[in-house]
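Visitor: Since the structure of chain C is already known, use the hints to place chain B on it.
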Amino acid sequence: MQLNTSKSGKRYKIQDMSLALEIERRIETLGMTCGTVVTIMNRQCHGAVIIKVRGSRFAVGRNIAKHIQVNEEANNE
Amino acid sequence: MNNKQIKVGFIGNPNCGKTTLFNAYTGANMKVANWPSVTVEKMEGSFQYKDYNVKLVDLPGTYSLTSYTMEEQISREYVMSGTADVIINVADASLLERNLYLTLQLIEWGRPVILALNMMDILEKQGMEIDLHRLTEMLGIPVIPVNAGIKKGLDILIHTVIHQKARAKITSVIYHDVKTDLKNRYAHNHHTAFFMMYSDEIEDKINVIQEKLKEKYPEIYNKRWHAIKILEGDRAVLDQYMIELPVDFKCYYAKEIINEKYDFIDAIISEVLVNKDKKETFTDKADRILTNQWLGFPLFLGIMALIFFLTFTLGNRMKDYMLMCISAVSDYVQVRMTGAGIHIAVISLVVNGIISGVGGILIFLPNIFILFLALAFLENSGYMSRVAYVIDGIMGKVGLSGRAFIPMILGFGCSVPAIMASRALEHKRDRLKTMLITPLISCSARLPVYVLFSQMFFEKYAIIVAHSMYVIGLLMAVLVAFIIHLFNKRKTEFDLLLELPEYKIPSVKTIVIYVWEKVKDYLKKASTTIFIASIIMWFLMNFGVEGYTSDITQSFGSFIGRKIVFLFQPLGLGYWQIIVALIAGISAKEVVISSCFVLFGIQNMTSQARMTNLSNVLRGMCFGTLNAYCMMIFCLLYTPCIATLATIKKESESWKFTGICVVFQLLLAWFVTFMFYQIGNAFL
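Chains as they are written, first to last, in the working numbering: chain C, 1 to 77; chain B, 78 to 761.
Looking at chain C on its own, in the form it has when it is part of the complex (with noise of 0.2 angstroms):
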C-alpha cells in the first residue's frame, strides 16, 4: 500500500519509493530510509500524512506520501 493510504496510529515499514531523484535522495537524507518503520501520528483526507520517523516529525505532502510504498507492521501497540 502507498503511504498516502496508511491508517493514523498505525506503524508502517517503507518498502519503496518511486519519486523523483533528488526528492527521493533528500527524504532518504531525512532518514526515511527503506525499511525503516514510520509511525502515522495523522493524515488528512486528501493523503497529506504527519509522520514520526527515527524521533522526529514530518509533515508529508501527498504527492510524495503516493509514491512511497509501505507495509503494516504486525505488531501495533
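Among the hints, erroneous ones may be present.
Straight-line C-alpha distance at most 27 angstroms; calculated DSSO-like pairs for lysine-lysine [what the hints assert, rightly or not]:
no.	chain 1	residue 1	chain 2	residue 2
1	B	Lys362	C	Lys10
2	C	Lys66	B	Lys586
3	B	Lys362	C	Lys13
4	B	Lys242	B	Lys289
5	B	Lys119	B	Lys586
No lab work stands behind these hints, which were simulated from the structure alone. As the structure is a prediction and not an experimental result, all values here were calculated from the model.
Guide: Below, chain B without anything else, positioned relative to chain C:
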C-alpha cells in the same frame, strides 16, 4: 595580553537552537523562533574568551551537506571553504538520531568538529538519556552537552574549541583502511575503529576514484570525501573534478551511501540512547487536536480571527491614550513656539508637518504591539509549521506547497522578512510566485489605514470592516496563485516536506526581544521614513510656484494630484489629496495616514476631535463610506513599499521581476477597487 584569533562556525539541522546559542555567546538579538529555517543568511559576531578573540558565524540550518535550497547552499559553501578553524555541530539532543546524519558528513569532511548537544533538558523530560562517553568514543569527536536557553555549558564548549584548534593540524578523516599509512600516524590501533566504513563494494569504488583523483588533482584536500561525493552524484563536485572511469563502472551509490550512514547511526543509537520513544509527549496529544483533519482548519481560522480581534479591540482602547499624549505634546509645542515669537511657517512645519505626521503614526503603536505579540506566540510555540500542514490541501489546489504559507503568515507582520523567508522553498518558480503574492497579505503598516478609515466611517462595524481587509488580502493572494497555476503550462508537483518541531511554551525573553525589535523598527520608521515624508508632504502642500502659500489649492501637491485625478475617478478616489497621499504611501504604507492629516490640514489635535475633523472634511467632499472602503482596498492591494520592493529585487535578483510586481499590483488594485466601487454604486 596576546590576542589570538579563532574562527568558529555553527552548523546544524534547522530549528536545533544554533541562533539561541549564537545569541548566548555574542549577546546579539538575532531572531529565533520555533519553526525550521528561521535564519536564512549567515550571521557573524564575536566575543572574548580568555586571550582569544572568538569570531562566530551562525549558519542557516541544513539537514545535510548535500544542498537543496538556497540557505543550505550558504551553509555548505561556508563549511567547504575552510574559513572556520573549528566547526561546532549543534544538535538537538532529543532528535539525536536524525541530527547525527549531518554529524557523520561533517566528520567525513575531516576538519575539526565538535558536537554540541543542545536541548538536553527536553530529552530528559521525555524520559531519555544519552551515554555521552560512548557517543564520543563511537564518533571520535568531542561531544559537549549545552543548554543555550539558560547558558549552560557555554564555557566548556568554547574551551573545547580552543583545544581542538590547538590539536588539529588539518588531517584526513580517520577511517578503516588498514593498507594506508594511517596505521603509523595513529599508533593506537583502536582509532581505526572510530569511524564508519562502507560496504566492500562501495569501499572498492572509493579506492578506485581516490586513485584517479590523486593522479589528476593531487592538490585536493581529503580525496576520500570527494570520492564519496562523486559516488553520491554530487553535481558541484562532479562538475569541478572530471575524472575518467572505466566503462561499466557503476558510479551512483547515493541511496546506498545514505542507507549505510543510517545503519551506522542505528548502531550508535542502540548503544547510546536509553529509553527511546517510551512516553507519549505533549506534542503528540496537542497535534491530535490542532492538526485534526476536521478541526485543524477551523482552529487555524479561529486563531487568526482572535489575533485580529485583539489587535483591534484592545489596541484601539490603548490607542486613545496615545492620542491624548500626542495632542498634549502638540498643544504644548504650539503654545511655546507662538509664545517665543517664531515665524508662522516654522510653527506650521513643526506642528502641522512633523508632529501631525509622525504623531499620526505613533498612535497606532498599541495595535502594532498586540499584533506582533500574537505573531511572536505563533512563531515560537511551534504552531507555525502545523499551519503549513493543515493548509497544504488548499494550497495544493492553487499550485503551491503548504510550506509557502509560512511566508504568507509572516506577511501579516511585515512583508520584508516574509519575502526573505521564501528562501526556504526549493524551486525558484515557487519562490517567485510566493514573492508575488506575499505583499497582498495585509502587513502591519497597512493596519493604521484600516483602523483610521473604518473608525471614521463605519463606527460600530469598524472591526468587521477592518477584518474584511485581511480576508480580502488573503483571498486575493490565493486567487492570484490559482490564476497563475491555471495558466502555467509547466506544472511541477508541489510538495510538502517539513519538519514539525515540539511545541514549546515560548520564553518570556524570546517574546520580549521579538516584540521589542518590531516596535523598535516601527519607531525607527516613524522617526526616519515617516519623519522625512511628513516634511516633504508639508512642503508640497505649503509651497507653490509662488513660494510659501497658505492656500493649499495653489501648492505643488495639488498640481500633481490634479494631473492624474481622472485615473482615480472611476475608483471613487478622485480627490487630489488622496492621490498624493497614496503616492507618498509607496515610501511606507503608514505615510498614507500621516499624509492625510497633513494634506487635509487637520490641526486640531485634541483627541477624538481630530478624527471627527478629518471625517467631516472628507464627508464634506462627498467622500462617503463606499469611498472609504475603496480607499482601504486600494491601500491593501497597490504597489508595496520601497523596503519590500528592495527585498524583492534582492531575493529575485531581477529588475524585471520587481518591475512586474510593481505594475501587477498597481493594476490589480485599480481593477479590484474599480469593480467594488462600480458595483457598490449600483446597489447603494
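Visitor: Work down the list of hints and note, for each, if the structure agrees.
Guide: Here's how the hints hold up against the structure:
no., hint, result
1, B:Lys362 x C:Lys10, "holds, 16 angstroms"
2, C:Lys66 x B:Lys586, "violated, 43 angstroms"
3, B:Lys362 x C:Lys13, "holds, 23 angstroms"
4, B:Lys242 x B:Lys289, "violated, 31 angstroms"
5, B:Lys119 x B:Lys586, "holds, 23 angstroms"
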